[in-house]
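**Student:** One letter stands for each residue in the lines below.
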Amino acid sequence: MAVAKLEQLSKSVVQGPSLATGAIPTQDWMDVPVVFKPGNFAYQAKVEKVEYLNSQKDLNFPNAREWSPENDDWKLPEDWKEIILHGLKERLDKFRSLKIFMDCCVRCGACADKCHFFLGTGDPKNMPVMRAELLRSIYRNDFTLAGKLMGKMAGAREMTVGVLKEWFMYSYQCTECRRCSVFCPYGIDTAEVTMMLRELLHLVGVGINWILEPASNSNRTGNHMGLQPHTFKDNVDFLAEDVENLTGVKINHSFNRKGAEVLFITPSADVFAEPGLYTAMGYLALFEEIGLDYTWSTYASEGGNFGLFTNNELMKKLNGKMYAEAKRLGVKYIIGGECGHMWRVVHQYMDTMNGPADFLEVPKSSITGTVFNNAASTKMVHISEFTADLIRHNKIKLDPSRNSHVKATFHDSCNPARAMGLLDEPRYILDHVLDNWVEMPENTIREQTFCCGSGTGLNTDEIMELRMRAGLPRANAVKHVIDKYGVNTLSCVCAIDRATLTSLMNYWNPGCDVCGVSELVGNALVMKGENRQELTEGLRTLV
Amino acid sequence: MGIHLTEGKVQVMELDEAFRWYREKIIDKWVGYALETYESSSFFKNEKDKFANPVGGNTREAFSRLYTKLTLGADPGEFVAPLEQVMRIRAIQAFRPSQAVGPIHAIKHITREILEKNKETRHLVVQLYDFEFAVDLAVLAAFDLYMQCREQLYQVRIKEIKTGSFILTDSRCPSNLLKTDALEPITVLQDI
Numbered sequence: 197m198a199v200a201k202l203e204q205l206s207k208s209v210v211q212g213p214s215l216a217t218g219a220i221p222t223q224d225w226m227d228v229p230v231v232f233k234p235g236n237f238a239y240q241a242k243v244e245k246v247e248y249l250n251s252q253k254d255l256n257f258p259n260a261r262e263w264s265p266e267n268d269d270w271k272l273p274e275d276w277k278e279i280i281l282h283g284l285k286e287r288l289d290k291f292r293s294l295k296i297f298m299d300c301c302v303r304c305g306a307c308a309d310k311c312h313f314f315l316g317t318g319d320p321k322n323m324p325v326m327r328a329e330l331l332r333s334i335y336r337n338d339f340t341l342a343g344k345l346m347g348k349m350a351g352a353r354e355m356t357v358g359v360l361k362e363w364f365m366y367s368y369q370c371t372e373c374r375r376c377s378v379f380c381p382y383g384i385d386t387a388e389v390t391m392m393l394r395e396l397l398h399l400v401g402v403g404i405n406w407i408l409e410p411a412s413n414s415n416r417t418g419n420h421m422g423l424q425p426h427t428f429k430d431n432v433d434f435l436a437e438d439v440e441n442l443t444g445v446k447i448n449h450s451f452n453r454k455g456a457e458v459l460f461i462t463p464s465a466d467v468f469a470e471p472g473l474y475t476a477m478g479y480l481a482l483f484e485e486i487g488l489d490y491t492w493s494t495y496a497s498e499g500g501n502f503g504l505f506t507n508n509e510l511m512k513k514l515n516g517k518m519y520a521e522a523k524r525l526g527v528k529y530i531i532g533g534e535c536g537h538m539w540r541v542v543h544q545y546m547d548t549m550n551g552p553a554d555f556l557e558v559p560k561s562s563i564t565g566t567v568f569n570n571a572a573s574t575k576m577v578h579i580s581e582f583t584a585d586l587i588r589h590n591k592i593k594l595d596p597s598r599n600s601h602v603k604a605t606f607h608d609s610c611n612p613a614r615a616m617g618l619l620d621e622p623r624y625i626l627d628h629v630l631d632n633w634v635e636m637p638e639n640t641i642r643e644q645t646f647c648c649g650s651g652t653g654l655n656t657d658e659i660m661e662l663r664m665r666a667g668l669p670r671a672n673a674v675k676h677v678i679d680k681y682g683v684n685t686l687s688c689v690c691a692i693d694r695a696t697l698t699s700l701m702n703y704w705n706p707g708c709d710v711c712g713v714s715e716l717v718g719n720a721l722v723m724k725g726e727n728r729q730e731l732t733e734g735l736r737t738l739v
Numbered sequence: 034m035g036i037h038l039t040e041g042k043v044q045v046m047e048l049d050e051a052f053r054w055y056r057e058k059i060i061d062k063w064v065g066y067a068l069e070t071y072e073s074s075s076f077f078k079n080e081k082d083k084f085a086n087p088v089g090g091n092t093r094e095a096f097s098r099l100y101t102k103l104t105l106g107a108d109p110g111e112f113v114a115p116l117e118q119v120m121r122i123r124a125i126q127a128f129r130p131s132q133a134v135g136p137i138h139a140i141k142h143i144t145r146e147i148l149e150k151n152k153e154t155r156h157l158v159v160q161l162y163d164f165e166f167a168v169d170l171a172v173l174a175a176f177d178l179y180m181q182c183r184e185q186l187y188q189v190r191i192k193e194i195k196t197g198s199f200i201l202t203d204s205r206c207p208s209n210l211l212k213t214d215a216l217e218p219i220t221v222l223q224d225i
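Protein sequence lines, in the order shown, are assigned to chains V and Y. Be aware that the first sequence starts at 197, since it is given in the numbering used here, and climbs by one per residue. Be aware that the second sequence starts at 34, since it is given in the numbering used here, and climbs by one per residue.
Simulated from the structure, these hints should not be mistaken for lab results. In this text, a Cβ means the ideal position worked out from N, Cα and C, and glycines have one as well. Just so you know, not all the hints are guaranteed correct.
[As the list claims (entries may be wrong)] Just some of the chain Y residues that point at chain V, by a computed CB distance under 8 Å:
| id | residue |
| --- | --- |
| 1 | SER73 |
| 2 | VAL88 |
| 3 | GLN160 |
| 4 | PHE164 |
| 5 | LYS192 |
| 6 | ILE194 |
[Said to hold, decoys possible] Label pairs and their in silico Cβ distance ranges:
| id | chain 1 | residue 1 | chain 2 | residue 2 | range |
| --- | --- | --- | --- | --- | --- |
| 7 | V | GLY305 | Y | SER97 | 23 to 33 Å |
| 8 | Y | ARG53 | V | THR356 | 55 to 65 Å |
| 9 | V | ASP489 | Y | ARG183 | 47 to 57 Å |
| 10 | Y | ARG155 | V | GLY347 | 35 to 45 Å |
| 11 | V | VAL739 | Y | LYS195 | 20 to 30 Å |
Given these sequences and hints, build the entire structure.
**Tutor:** Set out below in structure tokens:
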């Protein structure tokens, strides 16, 4: 029996213009329009950024214009519908996976409750199956017989401006983390459906600035930050000096050096922004200690690839820069730093787009002799694989007591975990650089890891609330190990994580630091000839 | 205290006994009410694993803890920890302030309704003043927490901008201070 006063209370406070509008949907999901208001969408791309990208060879970012998601009129090109449907047809023909993903979903619901956006918002359109349905309904309508004959009864609907707006809302409430795909019995990669939605939106000039500006910066100066070569070099030099001040060991690093054995590429955030800086200091210390013959590049000065978040052409182009530079410098192979989506591009797309990198050699560690056959085609080794191999062969001396200020847990960054299977190497490293560390609950780590909530270019401050919602499942698991074990540090192997988890912790679990695994390696590393100060906070110590 | 027999042979309870007796029922209804403020309420209500269902799990845990405090006449300061567990979540979701705080009220009505419905407890309704006053205090504390969380959210946003923990766009990149001509970077790049 209903409680009368409660019903009144519900009416006065629960009903209202909100996404959370009460228990029982009164309309079919197809009929619920999206509402854009400050805080629930990322800002649209600036005209000049879209124009710049469109002017570049092999790139296609047409229909640049002033528009705003908040306005009714998005000033779409007149033939926007033809553009979208033609774009969809083109992609269905080009990507066999898309055609299969459109056809084979049986709507079993296994993915439905696995998405961090769904878990944080309760919005049914954030169930991965529903997000895919936003595209699938159009596919059915225009590309399947059942949809053409039976329309809505077969789950089909016509492409309208309302649908397009829905695509924009929900393809930017997905971080392409692929947790849902782990649970799909058919192996549907829902992230690729989001990727297609974003590609199609770019055809009509609909994109967000936080992605297109870093992407255009990357195309222009080589990195997301738009740092010019001399600035990039200066920053790395500063970090090398910091390492020297702390450890007494001079760092001998180089830039753009032809004939080096290894090209090292990491996200530019590592050389520019806290707390990634300390991770970069860890790389510098480690490479110095083992005497690695390597070079940084001011051209391939970015591991991240925001092209992945826009369309396949831009992804290919930005990925190509790393390999073009490796070829120009004549290195044998590439070591990649702690980046997330760089590894997804390298492991899942690079070979088809730019590979195989025959001009490079299958990576072989000159220190241990280990051949990294797992990277036989891409010729690119993850820093954690490389470091774990060094530890395994006793090539570096580590003193875990130097990390005694750290009580850590480990966040499996989505892309290294799910897109390349890097699960055990970081853990092996942590076992050797820390006296002890703890795991978060089983259904929140390894393949089932929860996203930071701000990946795929969603780490922009205007959607901070949305990010906090999406990051709730991750933060919730971190809170558990803080309460239970007194954890004070969340380690990870991704630059976006290092930035976004910092904000996430600042809201959900203040006092919990975020660090890269290589920072912890740098802290624990006993270097030859060191004259180390008392570093109570490791590489973060101010001296 | 326990159950007493009255002249009419009807078993009646004392208030603290009723709070214990109906604990699960009241909490279930209370949690259900709070979770129905979400569109996908059935999942939030049914999945019991706190890590697979952070909203539902934390709401249930927080309300269970809070129920104990409210019914045992605890110091209002003790309401804060369980309230924070749920308000921290609701403060960043798509609720208006009244919607975010609203469900805390609900326990008043739920408890009253359950006690009224049963012969054994009907007489206790008039004794609910202290309990309902505690709920009022909890609601006020919830509003304070809501505001604190909102302020913290904005602080996080400001901190992110100021510390440049992730600066990617023109407007905020300090390296822009170096730029005198927007075209300069292209020229520099071509020289490498």
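**Student:** May I ask which of the numbered hints given earlier this structure violates, with the numbers listed in increasing order?
**Tutor:** 3, 4, 10
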